[in-house]
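J.: With chain U held as given, fit chain A onto it using these hints.
As they're listed, the protein sequences go chains U and A.
In our numbering, each number is its position in the first sequence, counted from 1, plus 100.
In our numbering, each number is its position in the second sequence, counted from 1, plus 2.
Derived from the structure by calculation, the hints contain no laboratory data.
Every value quoted in this text rests on a predicted model; they were computed, and no experiment measured them.
Cβ-Cβ distance ranges computed for the label pairs, FRET-style:
| id | chain 1 | residue 1 | chain 2 | residue 2 | range |
| --- | --- | --- | --- | --- | --- |
| 1 | U | R290 | A | P227 | 46 to 52 angstroms |
| 2 | A | L140 | U | L135 | 19 to 25 angstroms |
| 3 | U | D163 | A | R55 | 56 to 62 angstroms |
| 4 | A | R127 | U | L135 | 38 to 44 angstroms |
| 5 | A | G86 | U | P334 | 35 to 41 angstroms |
| 6 | U | T150 | A | F101 | 47 to 53 angstroms |
| 7 | A | N68 | U | A194 | 39 to 45 angstroms |
| 8 | A | F101 | U | L135 | 42 to 48 angstroms |
| 9 | A | N228 | U | A197 | 38 to 44 angstroms |
| 10 | A | G33 | U | A257 | 16 to 22 angstroms |
| 11 | A | S32 | U | D163 | 45 to 51 angstroms |
Backbone N, C-alpha and C fix where the C-beta goes; we use that ideal spot for every residue, glycine too.
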Amino acid sequence: MTTTASPATVAAPRARRFRITGPLVGTVLVGIVVLFCLLYPLLPGYDAYTQNLDKMLLGPLTDPAHPLGTDALGRDEASRLALAGRITLGIVVAIVAVNALIGLVIGTSAGYLGGKVDTVLMGWADVQLALPVILVLIALSAALGPSVWLMIIVLAATYWVGYARVARGTALSLRERDFVIAPRIQGASRWWTARKHIMPNVAVQILILASTDIGGVMLLTSSFDFLGLGVQAPTPSWGLMISEGQKYIRQAPHLALVPGIAIFLVIIGTNLISQRFTAEGSALFRIAKKGKRA
Amino acid sequence: MARYVLRRLIQAVVTLAIVVSLTFVFGRLSGSPAAILLTENAPQSQIDALNHRLGFDLPIWQQYLNYMGGVLHGDFGDSYRQPGVPSMQLVFERIPASFQLGFAGLAVGLLLALIAAVSIHLTGRRSLRTIFLGFGSLRQAIPDFFFGLLLVLVFSVGLGVLPSLGNADWRAMVMPVLTIATGQFVVYTRLMDNALSEQSVSDYTRTAYARGERHGTVVLTETLPNALLPVLTVAGINLGTFLGGLVIVENVFAWPGLGQLMLGAVYSRDFPVVQSALIIIAVIFVVANLLVDLIYGLVDPRVRLS
Chain U
101 MTTTASPATV AAPRARRFRI TGPLVGTVLV GIVVLFCLLY PLLPGYDAYT
151 QNLDKMLLGP LTDPAHPLGT DALGRDEASR LALAGRITLG IVVAIVAVNA
201 LIGLVIGTSA GYLGGKVDTV LMGWADVQLA LPVILVLIAL SAALGPSVWL
251 MIIVLAATYW VGYARVARGT ALSLRERDFV IAPRIQGASR WWTARKHIMP
301 NVAVQILILA STDIGGVMLL TSSFDFLGLG VQAPTPSWGL MISEGQKYIR
351 QAPHLALVPG IAIFLVIIGT NLISQRFTAE GSALFRIAKK GKRA
Chain A
3 MARYVLRRLI QAVVTLAIVV SLTFVFGRLS GSPAAILLTE NAPQSQIDAL
53 NHRLGFDLPI WQQYLNYMGG VLHGDFGDSY RQPGVPSMQL VFERIPASFQ
103 LGFAGLAVGL LLALIAAVSI HLTGRRSLRT IFLGFGSLRQ AIPDFFFGLL
153 LVLVFSVGLG VLPSLGNADW RAMVMPVLTI ATGQFVVYTR LMDNALSEQS
203 VSDYTRTAYA RGERHGTVVL TETLPNALLP VLTVAGINLG TFLGGLVIVE
253 NVFAWPGLGQ LMLGAVYSRD FPVVQSALII IAVIFVVANL LVDLIYGLVD
303 PRVRLS
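Okay, chain U solo, but in the shape it has when bound (with noise of 0.2 angstroms):
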């Protein structure tokens, strides 16, 4: 045995400084590219529905009026991308706050309240192991026909235990805090209890949660778009970009690169930010993803 193939400097936790630069470098590549969808279409240039067949399938930095390209209708692909992302990161905000808001009222009444909530709580997520938001999004489709809302939907009512998780984890252990039980003693409902000193302490963990959820749900929606199980053309997506751009990609491979390179930025850099919280609150993290699988 040698000295440094000892056990504890093989558990040793990550280098500290990583932790600081990860959440910066981050938040600088999220930013660039929300920056760039908010901006984009305030420029003069900016125009995503103006087809022209004589420029179809430029490469980018070819043309100045168009520094990524053109697609195979000849239409901006900067434009397209900017209006797909604002589109893609506002269905992905949009899921991620329904979830955490269903996922704190659940979780912290389960928490605090106790009885058959939580029973129900913890049975929901068994049975969604079983059966994958993908497959219950495949089998609606072809139930009631593959639509955006019913994406947002499914996502919405399968995403937030989760958050009901950390919630329920949270409640419980302020339940038996003195500045909650003051309260009851001076004649307070449980419910105002619940709700002006157990929800906003909870609120906090959920926050966190959410934003390090951006990235996961992002792939999971960028995939859905991508087998036309979400956003339907001719409303621009970025998984939706992908997929056409598949048709071309030995012609012109910059359609499936750009949105690509768009989607690896917002989920890298989410991650980037969120291992601060999971090196900090790992407890936190663990019991979170067991309640949810895509």
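T.: What follows is chain A alone, placed relative to chain U:
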């Protein structure tokens, strides 16, 4: 042990019954399929005949009982789009291709993860872990469908050495298997590395070192077998997600498996085919997890006696 097995068997049957019932509910959400199957201005008599043939004119509880009865007799309904062809037959035709791809992808991924995790702990180099987990973080930020396209771009368009679709020969398997395996690699390297780290500070490991065992022997014969048990559980639990992910990879590479069949059925609104595929996936999931638990019960007395 017999009671433990019985309890798990009952659990498995209940899970399956729930999934089958859910597919029934999903199928009835849209009401009668007449709007999809018949032309827009079909006469009412034709609609009624269709509803009667498919049993949609019965009360809902009777439809449910008929459906469950059919499932128990192995009748899962005919495909809407290929009348007279049992939907389950279409599903069974696709299973070998999916199984081949899924099994190869999972096996390669687990093998790579095993090699990576063991090499971290055999050499004791932290830089190795940084490299593997760094690669893992990058890979995790790329959705499977885009990673597949990147492979196509490099190996089909750029180098021209691999075909970009189909399942003609072994070369067509390389890119889909790589896509799946690298995705699995991330999950299981982290898991095995954590498990090995935990085991490496346990009492029996310290005893082994105290006996004067060499580091390599301790890792391979003492800590590794114990570290592999959680991998089994996680692999079982993740199987549903894994099969769902297979749909995406099959679609990128036009691999003629179950996933492609399901998506095709979504586009053509052929619900019975999707229904049968879902039931088969649920059966695979439940049976695999049953096996995992039974193996666990055999290996670990605490499980079967609890």
